[in-house]
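If you read the protein sequences in the order shown, they are chains A and B. Following our numbering, the numbering of the first sequence begins with 33 at its first residue and continues without gaps. Following our numbering, the numbering of the second sequence begins with 33 at its first residue and continues without gaps.
Because the hints were derived from the structure by calculation, they are not lab data. Since the model is a prediction, treat every value here as computed from it, not as a measurement. Be a bit skeptical, because a hint or two may be false.
Unchecked claim - Okay, the calculated beta carbon distance ranges per label pair:
#1 Asp235/B / Gly326/A: 46 to 56 Å
#2 Asp67/A / Gly84/B: 30 to 40 Å
#3 Ala282/B / Ala325/A: 28 to 38 Å
#4 Gly292/A / Gly271/B: 56 to 66 Å
#5 Ala295/B / Arg111/A: 50 to 60 Å
#6 Gly84/B / Ala293/A: 47 to 57 Å
#7 Gln316/B / Asp328/A: 19 to 29 Å
#8 Asp346/A / Val296/B: 22 to 32 Å
#9 Glu286/A / Ala295/B: 51 to 61 Å
#10 Ala52/A / Gly336/B: 21 to 31 Å
#11 Asp45/B / Glu241/A: 48 to 58 Å
Stated by the list, open to error - Covered stretches of chain B, as calculated for chain A (at least 3 residues, CB under 8 Å):
#12 78 to 85
#13 292 to 300
#14 308 to 315
#15 323 to 332
#16 339 to 347
We put the CB at the ideal spot given by N, CA and C, even for glycine.
If you want the building blocks of each chain, they are given just below.
Protein chains: 2
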Amino acid sequence: MSVARDGHDVVGDLVTRARAGEARAIARLISLVEDASPSLREVSERLTPHTGHAQIVGITGSPGVGKSTSTSALVSALRKQDKRVGVLAIDPSSPFTGGALLGDRVRMQSHATDPDVFIRSMASRGHLGGLAWATPQALRVLDAAGFDVVLVETVGVGQSEVDIAGLADTSVVMLAPGMGDGIQAAKAGILEIADVYVVNKADRDGAHEVVRDLRSMLSLGAQPGQWRAPIVLTVAQTGEGVEGLVDAIAKHREALERTGALAVRRSRRARDEVEAIAVTALRQRLGGGYGQAGLDLLAAEVAGGRLDPYAAADRLLDAL
Amino acid sequence: MSVARDGHDVVGDLVTRARAGEARAIARLISLVEDASPSLREVSERLTPHTGHAQIVGITGSPGVGKSTSTSALVSALRKQDKRVGVLAIDPSSPFTGGALLGDRVRMQSHATDPDVFIRSMASRGHLGGLAWATPQALRVLDAAGFDVVLVETVGVGQSEVDIAGLADTSVVMLAPGMGDGIQAAKAGILEIADVYVVNKADRDGAHEVVRDLRSMLSLGAQPGQWRAPIVLTVAQTGEGVEGLVDAIAKHREALERTGALAVRRSRRARDEVEAIAVTALRQRLGGGYGQAGLDLLAAEVAGGRLDPYAAADRLLDAL
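Here chain A stands alone, though its shape is the one from the complex (with noise of 0.2 Å):
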């Protein structure tokens, strides 16, 4: 794709259009390495020496928290203060089909016309690794378009949350109210992820006694010297309290650059995309050394009992 037969530099100038802040362009550069398409080595190289700008904040909590009306608040706040922002929201979706269900979410809607706003919706998808493959890439496109603040939103509790939060430079996590057990379920296994807390609809009953719950949490894990995430109270419906998210995000990001944490976060990030990189490849080559029908044949041994899986993969790995 390069360079197309009538010598026009295609994924350049893309590039270029994307940084200009060209919404479509942004939005094709974020179809082309979503899809795996020919060009996204290409696009990738032509967009990594304009990476490392924008804070990451990855935004998650179970359903219900909230967290579609938050961003879109967080949004507002970050345009007062003159800042870009790209958001990236994670929908789940049948693996089968591979689309976006929720679309473009409808909260959003304000935002649509703001050119300093850019929104997308991203399917986590059905296959292994979920949104390890194509989120760092469509990070990446954003990234080198040069927002100031890309926030990604995801659904769903347990393992996308600990994905996201490889992913973030910033992870914040909502709790609300009267949610039930997903909640204490989700905080026991979030608990070392945050870098910030959200007690969204603080306005209801039981606001004070999740905060209550969540410092009781926070303070068998605390060490000295460390950031401390701290609890940020909002009404997201009405905006009471995200100035002081807005905060607690820049608090964070100063935290991380003072202390040099923000380097290795970014090391490990790239490490962990640099090995599900070679990983997938290695994938293609496993499938391709011992054949599709060789491959269906191992599998029905090991389905019926004559074959240890172990000893299938052995023979897998020795015909690479």
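For this one, chain A is given, so just place chain B on it according to the hints.
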């Protein structure tokens, strides 16, 4: 480990005792595979000839939908039919401690003294691949131990549901009235995964609407001649409707066997497992080939925007 210095065949002995229904031996075998102990390969090999009997039933749904209560009620109903039942509860857990935080569920205590019921909690861990690693191994233990039905209960929406569907013969997807956005999202994402739908808390307001919404979504994807996922209404708390669920699960197993789909599903599952084992081995070699220090240098180059991640992955692969 195979044969201890005194000539005692430790793994063989554990397998024999597990097949006789001894809970401690089953638990020990699961720990050996879960921890990827040195004897993992031998355990796997010894179990393989005894596998293929159990029906693996995945139970998924958003937090709060009543999965634990339903699992417990299912165990009671299956025990009435004299089936031996294994339960694997996949718990959210800190990726840093790796421990299963909810422990063996409180609601399950009533089955704790039944020698024909075995209950185990597993941490979903934070590593990439999540369930993909330890769960198939634990399922093989329970299958080889001679359980008729193994229930796998998981937490959360999204990726974990897709993973479970890949591991199960029969996927039960639970919904409930009054779950809001989360359920809408879950419904959309899991449409094609479910073999049986359960609308739990069927005595509550809104249950009828959930059934109606579900029916209208299902009619879109209906294929003639294929298994049509039934919708079962339950009130798990009282046990109402749970026998209907047991019946639907048994009917699905019959249909899988009649159509040959069981062998297809199990072969696909075996292939995924073999590939996962091979990829894990390759991932270890990747790190080894380049060395930890070399990998860190490479990652720092990528993080600094001086090297494209694909070019870095090429260097990793070249060093293999």
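Run through the hints listed earlier and report the numbers of any the structure violates, in increasing order. Result: no hint breaks.
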